[in-house]
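Peer 1: Here is how the chains run, residue by residue.
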Amino acid sequence: MNTRVLPNIGVGVSRNWGAYWPAGLLLLSAAALCVFMLAPLGTLLIGSVLDEQGHLSLTRFVNFASTPGVGTATWNTLWIATLVTLITVPLAFVYAYALQRACLPLSGVWRIVGLSALAGPSLVGAIAFIQWFGNQGVLKSWLGEQTVYGPIGITLATVYASFPHALMLLVVALATTDGRLYEAAEALGASRWRKFWTITLPSAKYGLISAALVVFSYSVSEFGIPKVIGGNFPVLAVEIYIQVVGMHNFGRGAVVALLLLAPVLMAFAADWYIQRKQHASLSARAVPYVPRPDPRRDLALLVYCGLIGVIMLAILGIAGYTSLVRFWPYNLEMTLDHYLFGLAEAGVLNAYLNSLTIGALTALVGTPFIFVTAYLVEKTHTGPAWLRPLIRALATLPMGVPGLVLGIGYILFFNAPGNPLNGLYQTLAIMVLVNVVHYYTPCHLSALTALKSIDREFEAVSVSLRVSQATTFWRVTLPICLPAVLEIARYLFINAMTTVSALVFLYSPGNMPASVSILHLDEAGDLGPAAAMATLIVLTTISVSVLYSIATHFLLRRHQAWRQLKR
Amino acid sequence: MAHLEIKQLSKRFGGFTALDRIELSVAQGEFVVLLGPSGCGKTTLLRAIAGLERQDSGQIWHAGRDISHAPPAQRDYGIVFQSYALFPNLTVGDNVAYGLKSRRTGHALGAVGAQQRVADMLVLVGLPGIEEKYPTQLSGGQQQRVALARALATSPHLLLLDEPLSALDAIERVRLRSEIRQLQSKLGITTLMVTHDQEEALSMADRIVVMKNGQIQQIGTPQDIYRAPCNDFVADFIGRGNLLDATSQDQAVFKFGRVSLRCASAGLGHAAHRFYVRPEDICLHSITDTTENSFTATVKKTEFMGSSYLVTLDADMEQNKPLVAQFSSNYLEGRPIHPGALLRLSIPAEHLRSMPQSL
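From first to last, the protein sequence lines stand for chains A and B.
Going by the working numbering, the first sequence opens with residue 1, and the numbers climb by one from there.
Going by the working numbering, the second sequence opens with residue 568, and the numbers climb by one from there.
Possibly wrong hints are sitting among the right ones.
[As the list claims (entries may be wrong)] Within a straight-line C-alpha distance of at most 20 Å, the following computed SDA-like cross-link-like pairs (lysine to any residue) qualify:
hint : chain 1 : residue 1 : chain 2 : residue 2
1    : A       : 379       : B       : 620
2    : B       : 867       : B       : 854
3    : B       : 753       : B       : 723
4    : B       : 867       : B       : 840
5    : B       : 822       : B       : 840
6    : B       : 668       : A       : 470
7    : A       : 195       : A       : 208
8    : B       : 668       : A       : 478
9    : A       : 452       : B       : 723
10   : B       : 700       : A       : 558
11   : B       : 700       : A       : 562
12   : B       : 668       : A       : 460
13   : A       : 379       : B       : 639
14   : A       : 379       : B       : 655
15   : B       : 700       : A       : 556
[Claimed, not checked] Covered, in the sense of this in silico footprint (three residues per stretch, anywhere, with C-beta under 8 Å from a C-beta of chain B), are these stretches of chain A:
hint : segment
16   : 453-459
17   : 463-476
No lab work stands behind these hints: they were computed from the structure.
All C-beta atoms in this analysis are idealised placements derived from N, C-alpha and C, irrespective of residue type, glycine included.
Working from the sequences, and respecting the hints, build out all of it.
Peer 2: In structure tokens:
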């Protein structure tokens, strides 16, 4: 650049820095994502195709395939996942339909009840079903000759745990329909069923497919549930756990993890392909659909929601209740013994404090990193051309990677003797990092949605006023996106509190997280303390959610007055 | 040298040519409007001048310095967008003062000075005393005035307006366009505006630049562009018009089907000719009149436009499209025209303008 012809406005070193810092920061982000996301997964991939001597071979796969019982475990995993999908998606669809398309009283309450399973670790459902239908279960007779320890229990608990994930997707799918389509159909005299088949279902088609794929991959990669309630029923996820944690056979674990990754990745590739074909179903001019009261439909759906709600609360409730009685179901005297002796005295309460720390750090580290990276990708334009596509791809990668697979990738990568980051292994820090990576995609997407809704000329205006982009980020972009930022922090905290899958491979006895401790308590037969720990986690996430709502409410009222104003 | 000088500016997006060797010079204090349909390159040109889009080749000179490769912050302009782009979380006062608080502007205004400047700017755009309001509390027109105040607060020497009126309703649009023009004349600030609205361009511009497919079609005053469009595209894009094919009959007389008309300007020796007539230049006469260039035509359709009537005619001229004439409502008062009526019309020789052959 020929600087001689420029007049004396702020020419100097600062200009170059000002032009290059976004690219510099973005490169750092990309490097971090490569080290903590791409490298572990790559190591997993490579590790599985190297034999003991480090030669390229498929011996590990061959050995694994010839292991007796592998065929059965694979078959079990697939048919359970299919069954769970076939049950969960219709259940969640009707529930979502009731929330979005009917006039239910207290619809906010129904929404919370429907999502309540998210408040605890996936193990909560498994523990609850044992308390209801297990050997000492009060409802054991309902199952007749069958036992809950096995496919029945796994299916029930997985349906419970995956229900909110399907519900969230379907609520969104049903929310985005143009009300005018229904008005047009009504004007043409279409019947209720005709409208349902020709408008409702087609417009929710992509949501349904997405929900089915999410539930299927959830079921395939979930291992806490079959571990707790599966008895001797072999599934792939538990097989990995046994290989890696029980036998320290990392190579074998990597092979199973890759097998697990295959159906999940196929599901997400299909989802991606289908989503690409979906065009915005809601134009800017669309009129949102507002349901009108219809007593017959509303009553039927209310009964349905009531039934599901009762089951949901019975599952969450039994865990809380059994944690407070002396010996379920024989001695129902109320006591805090499970908390005082089962947890505090036994030294397990530290696990709870560890989880609080992990959750808080995950939110504190993850939120700024994810939001700033999304901002740099969306609102800055300098740097090499490959940088932004690379980060976009990396940001959506974790969506398809189960925590279990990620955890094994982390072991293989960080536990390698030559790795300079070896010191991270079995620290709190690595658990925080794996959580950020594991839950990266949804956070990235909500940051992106918030950023895209901002006028894209803000940066152009500030640059014309010669205000630095960093100033505009701080004064304008961040305040506007504050609700999304807080939501990302809450999401990261709650998931870090409740997750088991990746952490189970990475903790050391000194910093065991609470959700993992449930697994150990259950293994030791301490179902009471296990329920107590689960209840603690659920209470924490619920409290945090309530605090979050109150905080955002006041924050938005005090500092964001502009949101409420109308002329 | 002109205040703003664009030399051979080109820009491609993949296979799409957004700007094709653009040459334009804008004088100090001039109001120039870039006009054209969407995708013609007018916005790209504006963004290239702002430094928001980097040209592939060519130069931009502003106030005697080459800014072709200067980053936006080192160019000297204020910009207003169609979407207003006001910061919703800041008050009107903070929005207008946004550029004043920057250390890099060299304005060296204190807090009090900045406050005074904001108050002055709001008076200038006719919205005094609204500093404490938030953008969402204002109407679209008010928001755009605030955006204008913000762009002008740092006293730039060039004002860029990117479809500033397109998001407003019809009444507000007409009101604000005269306000912007007045303000611009008062401040004497060189201004470049992008629009696709020909009426807006005609009413505001000192000069209009008509663009199509990344190329400049014609540059001229609104009167020039309207009266003497240089090609079919400009004629079609600016106002309504009739394009008529004719064959040469005599020195200055041409045959349009069965109608013969004398043309004042033509003198070209080709056998085939094309002419251009504005609908309002067609005159209505009593049926027995025999003025020069008069002929009879049958009314096919009339359209009431408020101040005028648009009349579609069958004139026996053997053209692809029927002849369209526009008569003032005032003039037709009490003499309504119905479909099927026979009218005596004329096209005065000086209003029959010769056009180049279309490609």
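Peer 1: Each hint needs a verdict: does it hold in this structure or not?
Peer 2: Here is how each hint holds up against the structure:
In summary, the hint linking residue 379 of chain A to residue 620 of chain B is supported, as the alpha carbons are separated by about 14 Å, within the 20 Å threshold. For the hint pairing residue 867 of chain B with residue 854 of chain B, the CA-to-CA distance comes to about 17 Å; that is within 20 Å, so the pair holds. The suggested pairing of residue 753 of chain B with residue 723 of chain B holds, with an alpha-carbon distance near 14 Å, which does not exceed 20 Å. Between residue 867 of chain B and residue 840 of chain B, the direct Cα distance comes to roughly 26 Å. Violation of the 20 Å bound is thereby established for this hinted pair.
Distance restraint check for residue 822 of chain B and residue 840 of chain B: the Cα-Cα separation of roughly 9 Å lies within the 20 Å cut-off, and the hinted pair is therefore satisfied. With a C-alpha separation of about 14 Å, the suggested pairing of residue 668 of chain B with residue 470 of chain A holds against the 20 Å cut-off. At roughly 17 Å between alpha-carbon atoms, residue 195 of chain A and residue 208 of chain A fall within 20 Å of each other, so this suggested pair holds. Proposed proximity of residue 668 of chain B and residue 478 of chain A is supported: the alpha carbons are some 19 Å apart, at most 20 Å.
The straight-line distance between the Cα atoms of residue 452 of chain A and residue 723 of chain B is roughly 29 Å, outside the 20 Å bound, and the hint therefore fails. Distance hint between residue 700 of chain B and residue 558 of chain A is fulfilled; the C-alpha atoms sit about 16 Å from each other, no more than 20 Å. For the suggested pair residue 700 of chain B and residue 562 of chain A, the alpha carbons sit about 9 Å apart, so the restraint of at most 20 Å is met. For the hint linking residue 668 of chain B to residue 460 of chain A, the alpha-carbon distance of about 17 Å falls within 20 Å, and the restraint holds.
For the given pair, residue 379 of chain A sits about 15 Å from residue 639 of chain B by alpha-carbon distance, which is consistent with the 20 Å threshold. With a CA separation close to 17 Å, the supplied pair residue 379 of chain A and residue 655 of chain B stays within the 20 Å bound. As the CA atoms of residue 700 of chain B and residue 556 of chain A are separated by approximately 17 Å, the hinted pair is consistent with the 20 Å bound. Look at the segment 453-459 of chain A against chain B: 3 of its residues bring a Cβ nearer than 8 Å to a Cβ of that chain, three or more, so the hint holds.
Coverage of the segment 463-476 of chain A by chain B holds. Counting CB-CB distances below 8 Å, 9 residues qualify, and the rule asks for three or more.
The structure fails hints 4 and 9 (numbered hints given earlier, in ascending order).
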